[in-house]
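Numbering follows UniProt numbering, in which position 23 of the sequence shown is assigned residue number 23; successive positions increment by one, without gaps.
Simulated from the structure, these hints should not be mistaken for laboratory data.
Check the hints yourself; a few may be wrong.
As the list claims (entries may be wrong) - Only pairs whose alpha carbons sit at most 30 Å apart, straight line, appear in this in silico DSBU-like list of lysine-lysine:
(1) Lys123 x Lys141
(2) Lys141 x Lys66
(3) Lys123 x Lys74
(4) Lys123 x Lys66
(5) Lys141 x Lys74
Said to hold, decoys possible - With beta-carbon atoms standing in for the labels, derived distance ranges:
(6) Asn63 x Gly93: 15 to 21 Å
(7) Gly119 x Thr94: 29 to 35 Å
(8) Ser37 x Arg146: 19 to 25 Å
(9) Lys123 x Arg146: 36 to 42 Å
(10) Arg35 x Thr62: 17 to 23 Å
(11) Ala49 x Arg103: 35 to 41 Å
(12) Thr94 x Leu13: 23 to 29 Å
(13) Arg41 x Gly134: 29 to 35 Å
(14) Arg146 x Asn40: 36 to 42 Å
(15) Ala14 x Thr135: 21 to 27 Å
(16) Asp23 x Gly119: 46 to 52 Å
(17) Ser10 x Gln120: 19 to 25 Å
(18) Gly147 x Ala71: 26 to 32 Å
From the three backbone atoms N, C-alpha and C, an ideal C-beta is built for every residue, glycine too.
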Amino acid sequence: MAAEQQHTISAHLAALPSLPMPDLWALWDQHFPRRPSHRNRNYVESRLAYRIQELAYGALPTNIRKMLVEAGAKHSKIKSAAGRSAQTLLMPGTTLIREWDEREYRVTVTPDGLYALDGQVFKSLSAAARHITGTRWNGPKFFGLRGGKGDGQ
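Starting from the given sequences, assemble the full structure and let the hints guide the process.
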């Protein structure tokens, strides 16, 4: 990559924190098919910065991604629990997206193994699903991690 292009990308990234939100949203719309349900500026900036770099330098190679996942699992505060499926042991920072009743919900796994949704923290995916729907659900099933795609209770 030419030094000039690298400088341009660096300058573009450095400018993100000073952009007004309408400009960030315009940039978001250029890079992503839809806007996130939460309007956290830090989230928007970080996703844009990653996407800009990904387009310029390419995605992480598969072996590096695998190494990072393994390192995260090794050093995670979340330890395997007896009776839990490997499918429900999610890495911190994982975001699960589910559309329900014409609204998109994003649940993010916290560093402590909890589940954050719209500023609230839940102890389980089932609790988050219950908050979204108002009824009891198997959380992993609701978020498409088990069985169908969350199409049954």
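Hints versus structure:
no. : hint                        : in the structure
1   : Lys123 x Lys141             : holds (16 Å)
2   : Lys141 x Lys66              : holds (25 Å)
3   : Lys123 x Lys74              : holds (22 Å)
4   : Lys123 x Lys66              : holds (27 Å)
5   : Lys141 x Lys74              : holds (26 Å)
6   : Asn63 x Gly93: 15 to 21 Å   : holds (20 Å)
7   : Gly119 x Thr94: 29 to 35 Å  : violated (18 Å)
8   : Ser37 x Arg146: 19 to 25 Å  : holds (23 Å)
9   : Lys123 x Arg146: 36 to 42 Å : violated (18 Å)
10  : Arg35 x Thr62: 17 to 23 Å   : violated (29 Å)
11  : Ala49 x Arg103: 35 to 41 Å  : violated (27 Å)
12  : Thr94 x Leu13: 23 to 29 Å   : holds (24 Å)
13  : Arg41 x Gly134: 29 to 35 Å  : holds (30 Å)
14  : Arg146 x Asn40: 36 to 42 Å  : violated (29 Å)
15  : Ala14 x Thr135: 21 to 27 Å  : violated (47 Å)
16  : Asp23 x Gly119: 46 to 52 Å  : violated (25 Å)
17  : Ser10 x Gln120: 19 to 25 Å  : violated (37 Å)
18  : Gly147 x Ala71: 26 to 32 Å  : holds (30 Å)
Comparing the model with each numbered hint stated earlier shows that hints 7, 9, 10, 11, 14, 15, 16, 17 do not hold.
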